[in-house]
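Participant: Please take these sequences and the hints and turn them into a complete structure.
These protein sequence lines map, in sequence, to chains E and A. Everything in the first sequence is counted per the working numbering, starting at 12 for the first residue and increasing by one. Everything in the second sequence is counted per the working numbering, starting at 12 for the first residue and increasing by one.
In short, the hints are calculated from the structure, not lab data. Hints are not guaranteed to be accurate.
When chains are identical, the list treats them as one kind, so a pair holds in a single copy or across two.
Said to hold, decoys possible - Within a straight-line C-alpha distance of at most 30 Å, the following computed DSS-like cross-link-like pairs (lysine-lysine) qualify:
{"hint": "1", "residue 1": "Lys146", "residue 2": "Lys56"}
{"hint": "2", "residue 1": "Lys78", "residue 2": "Lys55"}
{"hint": "3", "residue 1": "Lys169", "residue 2": "Lys286"}
{"hint": "4", "residue 1": "Lys55", "residue 2": "Lys311"}
{"hint": "5", "residue 1": "Lys286", "residue 2": "Lys251"}
There are 2 protein chains.
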Amino acid sequence: MVYRVGILGLKGHQGVVLNSIPKIDDVVLSAVADDSEEALMRIKKHPAVTSDTKFYRNISELLEEEKIDIACVSGTDGERAHVLLECMNRGIHVLSEKPLTMTLDELSMVKEAYNSSGVVLSMLLTMRFSPSYRKIREVVTSGIIGEVCLANAQKSYKLGDRPEWQKSHKTFSSTLAFIGIHPVDLIRWCTGREFTEVMAYQSNVGHPEAHDMEDNAVMILKMDNGGSACVHLDYCRPMKAATHGDDLLRIAGNQGVIETFEQGSRVRLITHERKAEELTLDEPMDEFLNFVNAIKGLEKCEVPAEDCFRVTEIVLKARESSETGQPIKL
Amino acid sequence: MVYRVGILGLKGHQGVVLNSIPKIDDVVLSAVADDSEEALMRIKKHPAVTSDTKFYRNISELLEEEKIDIACVSGTDGERAHVLLECMNRGIHVLSEKPLTMTLDELSMVKEAYNSSGVVLSMLLTMRFSPSYRKIREVVTSGIIGEVCLANAQKSYKLGDRPEWQKSHKTFSSTLAFIGIHPVDLIRWCTGREFTEVMAYQSNVGHPEAHDMEDNAVMILKMDNGGSACVHLDYCRPMKAATHGDDLLRIAGNQGVIETFEQGSRVRLITHERKAEELTLDEPMDEFLNFVNAIKGLEKCEVPAEDCFRVTEIVLKARESSETGQPIKL
Numbered sequence: 012m013v014y015r016v017g018i019l020g021l022k023g024h025q026g027v028v029l030n031s032i033p034k035i036d037d038v039v040l041s042a043v044a045d046d047s048e049e050a051l052m053r054i055k056k057h058p059a060v061t062s063d064t065k066f067y068r069n070i071s072e073l074l075e076e077e078k079i080d081i082a083c084v085s086g087t088d089g090e091r092a093h094v095l096l097e098c099m100n101r102g103i104h105v106l107s108e109k110p111l112t113m114t115l116d117e118l119s120m121v122k123e124a125y126n127s128s129g130v131v132l133s134m135l136l137t138m139r140f141s142p143s144y145r146k147i148r149e150v151v152t153s154g155i156i157g158e159v160c161l162a163n164a165q166k167s168y169k170l171g172d173r174p175e176w177q178k179s180h181k182t183f184s185s186t187l188a189f190i191g192i193h194p195v196d197l198i199r200w201c202t203g204r205e206f207t208e209v210m211a212y213q214s215n216v217g218h219p220e221a222h223d224m225e226d227n228a229v230m231i232l233k234m235d236n237g238g239s240a241c242v243h244l245d246y247c248r249p250m251k252a253a254t255h256g257d258d259l260l261r262i263a264g265n266q267g268v269i270e271t272f273e274q275g276s277r278v279r280l281i282t283h284e285r286k287a288e289e290l291t292l293d294e295p296m297d298e299f300l301n302f303v304n305a306i307k308g309l310e311k312c313e314v315p316a317e318d319c320f321r322v323t324e325i326v327l328k329a330r331e332s333s334e335t336g337q338p339i340k341l
Numbered sequence: 012m013v014y015r016v017g018i019l020g021l022k023g024h025q026g027v028v029l030n031s032i033p034k035i036d037d038v039v040l041s042a043v044a045d046d047s048e049e050a051l052m053r054i055k056k057h058p059a060v061t062s063d064t065k066f067y068r069n070i071s072e073l074l075e076e077e078k079i080d081i082a083c084v085s086g087t088d089g090e091r092a093h094v095l096l097e098c099m100n101r102g103i104h105v106l107s108e109k110p111l112t113m114t115l116d117e118l119s120m121v122k123e124a125y126n127s128s129g130v131v132l133s134m135l136l137t138m139r140f141s142p143s144y145r146k147i148r149e150v151v152t153s154g155i156i157g158e159v160c161l162a163n164a165q166k167s168y169k170l171g172d173r174p175e176w177q178k179s180h181k182t183f184s185s186t187l188a189f190i191g192i193h194p195v196d197l198i199r200w201c202t203g204r205e206f207t208e209v210m211a212y213q214s215n216v217g218h219p220e221a222h223d224m225e226d227n228a229v230m231i232l233k234m235d236n237g238g239s240a241c242v243h244l245d246y247c248r249p250m251k252a253a254t255h256g257d258d259l260l261r262i263a264g265n266q267g268v269i270e271t272f273e274q275g276s277r278v279r280l281i282t283h284e285r286k287a288e289e290l291t292l293d294e295p296m297d298e299f300l301n302f303v304n305a306i307k308g309l310e311k312c313e314v315p316a317e318d319c320f321r322v323t324e325i326v327l328k329a330r331e332s333s334e335t336g337q338p339i340k341l
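Facilitator: Written out as structure tokens, the structure reads:
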């Protein structure tokens, strides 16, 4: 069979899917929807687009008119739960932006719809496919750094001109949820440890032009072995910085420390036995190819649905903590 | 006059005082006390020691026998409050290890004794005298990075063979208080911002040989402008690492980011207008010389008593938060 793909929104990492489609034989781009005519115009030049690709200004309309097998759900945070439910109810496999939903209630509804749908659901946790973090996971799960005691991570982004939807909490899930989900996921995935509690703060102090969007966010998490994690996020990266983002992940165990450097692009390991050494990284993996192969039953999905539900739950509870001022059990 | 110095304990940063004494004309080392004969033997070779320097196995005995003007209080955390009170009551100026006390009740007592004593009180917050942090403070307080949105700091130390007193909470104030006080102080001092709330976790996960000493600790703090800070501490630095400690301080404002690199030894600034540049650092300052000059009224004390009280209060409340599992107002 040929898998027909629909891109439901051009506001996220849909590039992962678009760029991968031309490399996969039995996948075609059937349709694209976005409320911006300009965004649709830009996409029309993409190699994934064929003369058969349809364009819509409305996601529901696309779903009504087109028969698609795979949806890339890449619109605003606010509309995501609704779009996911529409896809689930139609039996469409979903690769979604994150977080999955804006509220825990929505998350329950999506989980229920998923459980009775039989579809493959995954999330664009793109960092899992980057060589640095795959290497860190490989080393930590091999036991080289021993028992994990502490993990910390940073995401620092340039603010730039944010799209309107990110400036309102009606459509934006908050900085803790929107970008915090990456480090929360990476720490959990790389260490194999579960989190048991979270406490967080976030606010917008210095960027009134970004309105509701928080320019700073911090959270601490307790691990199930008693260890701890801490994450800090900001949109304060200066315009003159060499890269858009300044990512960092560091995991300290009782036998060694492994950490990224140069904005997350390189990895360094130090142990009690061996001095600091830079590790050789493998090639990046193609997330969409993995997703399609998971649908076909050829590979296991690298970002399984249970992880999507769990990390969404964690960051929504982190946001809740920042609102209530109380730690939340996980 | 000649200032007679007593070293009350050889379990901390007394080296700051000992190494400075030979460089100051009107200061002499009168006496040294420690319960370890071995530690006293080692110190006897130090250039600060003269034929007149007396040695004691007991701090109270030293205070009874000797008339000293300045005390370096550098014993265990557990005995500190008591020794501080003995010094205050005798009108002896005090340069103390940190935190000042083990409990908030003790802190109140010390504060009261200080207020009626007329002595100069300071704390061995040695990092304030390091060129990196002085530069960061200078840049941040000048306004170059704009409004401070987020600050984060790391201390990672090699565990090594810890002294017995650090392995029990009867004599050790916890990792959050003992080393956490440095980053808490640096963030507060460099940004000029006050903290309004703290939430923290700490535990010993991977080093049973260290008993009560925590190998991991994290805290998040809210700033009085709504910004946030996050600190992570560990004793997981591998034995083969190039330096004993791996310190980091980073402050992100709405106009730029300033941060240390290479274990806190170098400083980098990036702003919206200027690419990343390494800043030239000044020479380190001599903490004990500043303290003596403050006693003489020649300089303001770089670590004034009110800061000693405040940062001790903050880290003791951070420890309380880790015990109660609740955020604590500051």
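Participant: Now look at each hint and say whether the structure bears it out.
Facilitator: Here's how the hints hold up against the structure:
Proximity of Lys146 and Lys56 under a CA criterion of 30 Å is satisfied in neither setting, with 35 Å inside one chain copy and 50 Å between copies. Taking the closest pair of Cα atoms, Lys78 and Lys55 come within 30 Å of each other only inside a single copy of the chain (20 Å); across copies the shortest separation is 87 Å, beyond that limit. Within a single copy, Lys169 and Lys286 get their C-alpha atoms only as close as 34 Å, which misses the 30 Å cut-off; across copies the closest is 13 Å, which meets it. In this homomeric assembly, Lys55 and Lys311 never come within 30 Å of each other (Cα to Cα): the closest approach is 32 Å inside a single copy and 67 Å across copies.
For the homomeric pair Lys286 and Lys251, the shortest alpha-carbon distance between copies (5 Å) is at most 30 Å, but the shortest distance inside one copy (34 Å) is not.
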